[in-house]
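Residue numbers (the numbering used here), protein chains in the order written: chain A, 5 to 421; chain B, 254 to 414; chain C, 27 to 220.
Honestly, the hints are just simulated from the structure, not real lab data. A hint or two may mislead.
What the hints assert, rightly or not - Capping the alpha-carbon separation at 30 Å, the derived lysine-lysine pairs in DSS-like fashion look like this:
#, chain 1, residue 1, chain 2, residue 2
1, C, Lys62, C, Lys210
2, A, Lys137, B, Lys355
3, A, Lys22, A, Lys169
4, B, Lys355, C, Lys62
5, A, Lys137, C, Lys190
Predicted model, so just to flag it, every value in this text is computed and none were measured.
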Amino acid sequence: MPWLVGTALVHSLAVTEKRGSFKNWTVLLAISAFSLSLLGTFLVRSGVLTSVHAFATDPRRGIFILLFLGTVIGSSLALFAWRAPRVGLGGRFGLLSRESLLLTNNVLLVVACASVLLGTLYPLLVDALGAGKLLVGPPYFDAVFVPLMLPAAFLIGVAPFARWKHASVGELARTLRWAFLAAALVGISTPFVYGQWKPLVALSLLLAAWIVLSALLNFLERVQSTRAGQSFSAAALRQPRSFFGMHLAHIGIAVFIVGVTMVGAYQAEKDVRMEVGDTVSVGNYTFRFNGVRPQQGPNYRALLGDIDLIKDGRVLRKMFPEKRFYVASAMPMTEAAIDSGLLGDVYVSLGEPIDKARPDAAWAVRVYHKPFVDWIWGGCVLMAFGGLLAISDRRYRIKARAGSPASSAAASLVQNA
Amino acid sequence: MKRLLLIVLLAMAGTGWHSLHAGEARPLAADEATEQRLIAIASELRCLVCQNESLSGSNAELANDLRREIRGLIRDGRSDAEIMEFMVSRYGDFVRYRPPLKGSTLLLWFGPGLLFVTGLTSLVIYLRRRDRAIRNTPLTAAEQQRAEALLQDRDSGQRPS
Amino acid sequence: MNRFLWPLIGFIVLVVLLAVGLNLNPRDVPSPLVGKPAPNFSLSQLAAPEKKFSPQDMLGKVWLLNVWASWCVSCRQEHPVLVELAKKGTVPLVGLNYKEVRGDGGIDLDKVAPGSEQSMVIARASTWLRTHGNPYTLSVLDIDGRVGINYGVYGVPETYVIDKAGIIRMKHTGPISPDVFSGKILPLLAELSR
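Between the sequences and the hints, there should be enough to build the whole structure, so can you do that?
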């Protein structure tokens, strides 16, 4: 939730800084982002909700955090209610313009955040009203969050092309139609490569391709229009860092979408019994079981599985899942063997020996293929880098700002508002 | 000659024996069809011990017991609806992993959609009202003067940022 | 009214909700069996395994069914309350010994010889009751936990209050604290015994 509101804040700040509009929105989003992190602290420590993330059930601690939360957020919102009416409206802009698209983006993000909040607090609401008990989990959030984020993903491609103050639908459509068609082609055809064609997969891949293609297109257009006789690369490097940061972060989102979609739709697992020499196939990989041998660790005894990872008939590598028996604990721990790749991961984990008395014979083994799962992390890393690039942009460094007379005049205008 | 033939035959039998013995691994579950149905049903049920996990994913004791019960019910020929009824009559609606759609969950399921529509509609209304408000607010004399001063400043110096 | 006050108002509502929530227990699952007849079963008794017990035997009496096991740590917490109840002699207390061997995390079921599980259960349960005191009129053995499933048991200890007609009137999950005992259970027992 803080992340969603924080993203809205980042975009709102861009407008406030460039156009002087949305000041109230920006302040409210800033207050909300921090408030949501405080709320998260409360939720996991007070025992108010059941969750894998809740690690303390201490109503007394909960009261303290609630009081803290109430004071900090209550006073911020009271201050906001008192001073916000005095802030000016800012400049005009049309119903379709970069400002309004950014504002739409903010609304979508806030609605998504509110939906997550609704699902999170609903069990509490129902219980408090005495209407029974229920828990809201992944099926709800998946069903609700994805449809809300799809329009936002679409906007990512459109907004950088929209002009400030006034944009025209016709112009946008003309600039973007080929990118959209190309994205549609990629989106619709790729699921066939992986197996079953699913409409949601095609739509998500379309949007991911759309984001990437429109980012590239925007980059090319911008460089071309500011070239003024220089070489392409010289003009490219002259673009401000925030411009690269924006596109890198957006591409990170596309990468993230690809990761989530492909893993969700095409991951496969098999639970099999394997004798020495048996093979099992998942995805394009084949696994051959070569038995289990004992191994001594520093504070544990382990049974090490020996598995060949085979693709296209060649042994790529060996994988060694473990079953560890720590000296200090009665429960055995399972260590999966993971092979990570750009296009997907495979995991192997040992279950139990089929005959407990004979760990040298057949074993229950579970194998997984998760395509593109590391793209989920990769997407987030790209988003982070994009953010860093944007922050390091020259215009955020105060010394550079203090120099220009236009900015000092603007500062005095804001002061007297 | 015969000995050589015998050796060759044995060698062939040896490799053939190896490929007969090391085959495709068999699925762990005794009955694939039952297992698939079990996973489908258990994915819609909650594990009551680790309350945020589904019954199909949980490794808790009770989860194993419940899966065993359900396997038995599947083999008895019960339908999915009957099995769900079995679980709900003992553990309540809480055991459904997906919150059911009924009176108390209407707000939960329709809330986001409602928020979406309200959000976008309010946005459009707000933008229109704002535009009108700005258009109808002329500059005061003092503000007019300040605007002129700023513009002169700009014309004499560098480009605005 | 100043429209910028709405966020603050919304926040105050949220805080009230959270404060109420602090007094609730989210892990408590209400039982759909309250108000319904106690599910029937026929299980061996701990003291005399050749004899069986079923809820039908208790028709006409108000009684308590307490789910326990020797490996259950929380059961030790509520045990003094149960012993006191037994001393008062208000109502019969029947123990449902739940998965005595299977539920113990330290025992590997595959190492237990097939015929000997019941004798293991009896030995362990009897020893425990001898050591800590036996508040039960009698105990029955739910060796594989299937009767527990019919009663919607998802943790140990759990206690059911059953009336003269065999209807479950209350289910308490978790150990019975003295407050719950005097505040909820005793009054209910008094009401049902009238």
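Going down the list of hints, with the structure as the test:
Of the supplied pair hints, the one linking lysine 62 (chain C) and lysine 210 (chain C) holds, its CA atoms being roughly 19 Å apart against a limit of 30 Å. For the suggested pair lysine 137 (chain A) and lysine 355 (chain B), the alpha carbons sit about 13 Å apart, so the restraint of at most 30 Å is met. Restraint check for lysine 22 (chain A) and lysine 169 (chain A): the C-alpha separation of about 12 Å stays at or below 30 Å, so the hint holds. Annotation: proposed proximity of lysine 355 (chain B) to lysine 62 (chain C) holds, straight-line Cα distance about 22 Å (limit 30 Å).
Between lysine 137 (chain A) and lysine 190 (chain C), the direct Cα distance comes to roughly 29 Å. Compliance with the 30 Å bound is thereby established for this hinted pair.
When each numbered hint is compared with the structure, no violation occurs for any of them.
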